[in-house]
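Chains as they are written, first to last, in my numbering: chain A, 1 to 261; chain B, 1 to 480.
These are calculated hints, taken from the structure and not from any lab test. Where hints are given, some of them may not hold.
Unchecked claim - Sample of chain A residues at the chain B side, in silico, Cβ under 8 angstroms: (1) L24; (2) I65; (3) N78; (4) E81; (5) P82; (6) L92; (7) I100; (8) P101; (9) V111; (10) S112; (11) A115; (12) Q168; (13) A190.
Note that beta-carbon positions come from the ideal geometry of N, C-alpha and C, so glycine has one too.
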Amino acid sequence: MQSKMKESEPILEVENLSASTDNLPILKGVSLTVHPGEIHAIMGRNGCGKSTLSKIIAGHPSYNITNGGIKFLGENINSLEPEERAQSGIFLGFQYPIEIPGVSNLEFLRVSTNARRKFLNKEELDTFDFEELVKEKLEIVKMDHAFLSRSVNQGFSGGEKKRNEILQMALLEPKIAILDETDSGLDIDALRIVASGIKKISSAQTGIILITHYQRLLDEIKPNYVHVMSDGQIIKTGDSDLALELEKKGYEWTDNFIKET
Amino acid sequence: MVKENLVKDVVKEPYKYGFVTDIETEKIAKGLNENIIKLISQKKEEPKYLLDFRLNAFKKWQKMKEPDWAGLGYKQIDYQDIIYYSAPKQKEKISSLDEVDPKLLETFDKLGIPLTEQKKLTNVAVDAVFDSVSIATTFREELAEHGVIFCSISEAVKNHSDLIEKYLGTVVPASDNYFAALNSAVFSDGSFVYIPKGVTCPMDLSSYFRINSGDSGQFERTLIIAEESSSVSYLEGCTAPMFDTNTLHAAVVELIALDDASIKYSTVQNWYAGDEEGIGGIFNFVTKRGKCLGKRSKISWSQVETGSAITWKYPSCLLLGEESVGEFYSVALTNNLQQADTGTKMIHIGPKTKSTIVSKGISAGNSINSYRGLVKMGTKAKGSRNYSQCDSMLIGDQASANTFPYIKSQQPNSEIEHEASTCRISEDQLFYLQSRGIEFEEAVSMMVSGFCRDVFNQLPMEFAAEADKLLALKLEGSVG
């Protein structure tokens, strides 16, 4: 089942996408369309290609697209640099946010926010104005101001890293956010904070793709569509009930599916 | 991997100081012998003790062997093929800056060091050295009011001979090493600073060294004396044109700090580094050493080394005075086929002396970047402490980084701490920054300046900004 035709133009269209790294095929014809206001969940075993799909959408240089393509707001973005994709409104929340020693979190967030603002023809913010903005956004993820003076993700706990990702999402106000296992490594309280943050940031104009193993995030953020991936393909698509069924029956249940086209 | 080569591309370096000033110069014949040394001394109208100092150094140099322990690879230097004195032709006596050849002023203007009264930097006094001679020194009168002497060393020989005779060669003796001996024999100019007792120098002092001529070496000599309870911050910058031959730069810097005095010496070295194939560039073989002679005296070296085909340099501190302090903060960036062998020596002689070493080496391209340092605790250095931190960052997979820390302790009641790390800018880190809308080049330079931050924090404000820009420039290149 593909997304129903909507009146609004899709934000993201992944069309029959195949991709490889070091000549090893990882994605084998993935199609996925996200319209404004939609929340999609992608589930599947480790190594099924979920993370790879998210990285390719964000433009990771280690993967080659061998077939198909990605359209963002109707334009093919196959050849865009990762920074161009980010500036135009694609956001990837990392499963394992990277530590960058020596680079202050505040400065990183400011440069990043300004890159996006520049693209949107909005005025770039100086340090003072940015402080104001970031204070407001810190509220969303209930982060302490002290996080800003530390190096990017360095020495952050798993939960702090994930909250820092959502803080970035709040600052960048993307058109589409792909959140790769944002729920992993979070305790129940942190999960609620992150989930409510995601809900606050998203709107009827934005799209969200949640990559997850667990139902508990989907209890907080109810998806419109659930896709099950296996061996580089989406083998089943359903609504939020599919995730519940999967939770009950496990991935083995999906082994018997053949790809639905 | 689509972008495997990008990191290599990004470190391509445009060198914007590579121009040559077309100016009539007075050069002496190539080669090195006693007569040449006598000629240099005669040109500078030097007293006999100085000529003797030179000739004595030359005798020692002749008996010495060029050092090879650093394992640097370069073509044998032909010392007879170098011009040891080259000076732009000027009027005999210059009474004001207005009489300086406009071409020279223009040269320094282009280098960002305006010298004229109207344009000179407002908070820094500058001594501008062009090939073998000092062209001009700004703010002399203002400094003189505080009793601070800031002039070329040639002038100091004439006007402050007593100080020169007393201190020259007392920190770096002529026989110290091969290149120091060579410098002692043929040094042409450099800066002289004297801060009298109790005076805090009212502004930063700065020397700017410019090599213009392709076939002459630059052998400058700097001497800074800080009397009791005085303090000074001194900055040094260097550039040279792009020639396809190598030019030798063998300088000697001597610092002396008496009781409670403090000297901060900062360098941004951007000599021409040669091209991508390693053709041309400056051989930067320099001896820099400070003597903390007085109690509680302090000498702090900070350096940003980005230029030169080869850098061979160990700004050091002899910590004699009780509770004296030595510091060394260094960033060395090498690219293409550059080689840098740099570090420091902290020689703890007096009791309760303290030293700190923070070294950051960044190697890109096919370059080799080594930290080499010595920390020594003498028998009387009771209660002394050292802390060293040596970090290396590799960009790309062809560059190499080495750390050679030598530690010698003859005093059980002292502490030596050494930390070292090596990291590589990873594709994942770059992707992370890029996926937040940050351009590839900016991402690299953010990470590099982040890596260097501990050192940049030690630089004087304007200098820190300049150093940051310089590194960014060095790392600039075409992105796919």
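Do the hints match the structure? See the list:
For L24 of chain A, the interface hint is violated, the least distance from its beta-carbon to any beta-carbon of chain B being 13 angstroms, above 8 angstroms. Hint status for I65 of chain A: violated, given a least beta-carbon distance of 10 angstroms to chain B, over 8 angstroms. Checking N78 of chain A against chain B by beta carbon gives a least distance of about 11 angstroms; that is not within 8 angstroms, so the hint is violated. Look at E81 of chain A: its Cβ gets to within about 7 angstroms of chain B, closer than 8 angstroms, so that hint holds up.
Taking 8 angstroms as the C-beta contact cut-off toward chain B, the hint placing P82 of chain A at the interface holds, the least distance being around 4 angstroms. Below 8 angstroms, beta-carbon pairs count as interface contacts, and L92 of chain A has one with chain B at about 5 angstroms; its hint therefore holds. Nearest Cβ of chain B to the Cβ of I100 of chain A: about 6 angstroms, under the 8 angstroms cut. The hint holds. Checking P101 of chain A against chain B: minimum C-beta separation of about 7 angstroms stays under 8 angstroms; hint holds.
Hint status for V111 of chain A: holds, given a least beta-carbon distance of 6 angstroms to chain B, under 8 angstroms. Using the Cβ-Cβ criterion of 8 angstroms, the hint placing S112 of chain A at the interface with chain B is satisfied: the shortest such distance is roughly 4 angstroms. The criterion of a C-beta within 8 angstroms of any C-beta in chain B is met by A115 of chain A, whose closest approach is roughly 3 angstroms, and the hint holds. At about 6 angstroms, the closest approach between the beta carbon of Q168 of chain A and any beta carbon in chain B falls short of 8 angstroms, and the interface hint on this residue holds.
For A190 of chain A, the interface hint is violated, since its Cβ never comes within 8 angstroms of a Cβ in chain B; the closest pair sits about 21 angstroms apart.
Of the numbered hints stated above, those contradicted by the structure are hints 1, 2, 3, 13, listed in ascending order.
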